[in-house]
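Engineer: Counting from 1, position 156 in the sequence shown corresponds to residue 155 in numbering that gives the first Met the number 0; the numbering is continuous, with no gaps.
In case anyone wonders, no lab produced these hints; they're calculated from the structure. Careful, some of the hints might be misleading.
[What the hints assert, rightly or not] Cross-link-like lysine-lysine pairs, in silico, DSSO-like; alpha carbons within 30 angstroms at most:
hint: 1; residue 1: 83; residue 2: 103
hint: 2; residue 1: 108; residue 2: 24
hint: 3; residue 1: 19; residue 2: 46
hint: 4; residue 1: 4; residue 2: 46
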Amino acid sequence: MENIKILYADDEARIRKMVKDFLTKHGIILIEACDGQEAIDKFFSEKDIKLVILDIMMPRVDGWEVCRTIRRESDVPIMMLTAKTDERDELLGFELGIDEYITKPFSLKILLARIDAVLRRAGGLEPNLIEVGGIVLDESAHEVRVDNTPVELSVKEYELLSYFIMN
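Could you build the full structure based on these sequences and the hints that come with them?
Structural biologist: Shown next, in the form of structure tokens:
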């Protein structure tokens, strides 16, 4: 996920910093917005944004309206990252065209995995394949094939195989 540009809008500076620090360590370029209006302005002024992550409850313009505004012009994947846990909110998000809904508190590792999955589904990530002999390691999907046959591996087995192939 090197150099993937993501717009993240949340009015809570502490959460924005935590997300930014984590995602930038993984090669993501994070563009921050502290309210919905700033998110709209940055979305339309920046180039090559591959994903938008929105909080719902923000000043000036809420996340729902940001989503509506972006959807009128773009099919970029949108994720909601919010404290709103009500089923009606989640359903509204999917009706508006979001791709993922994550509630706070959340795991940064799970957030990264969901970003990866959404981008893969949207075609925003190139598969990262490593081939050695008859073994193909797909780092994007965390899948292994031997002679074009999928192989089920535990997480630890996958990590070990990946380590041995890379070294």
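Engineer: Holds or violated: residue 108 with residue 24, Cα cutoff 30 angstroms?
Structural biologist: 12 angstroms, holds
Engineer: Hint check: residue 83 vs residue 103, CA-CA at most 30 angstroms. Holds or violated?
Structural biologist: Roughly 8 angstroms separates the two Cα atoms, so the pair holds.
Engineer: Residue 4 and residue 46: Cα distance at most 30 angstroms?
Structural biologist: 9 angstroms, holds
Engineer: Does the structure keep residue 19 and residue 46 at a Cα separation of 30 angstroms or less?
Structural biologist: Holds: residue 19 and residue 46 sit about 19 angstroms apart, inside 30 angstroms.
Every hint, counting from the list given before, is met by this structure.
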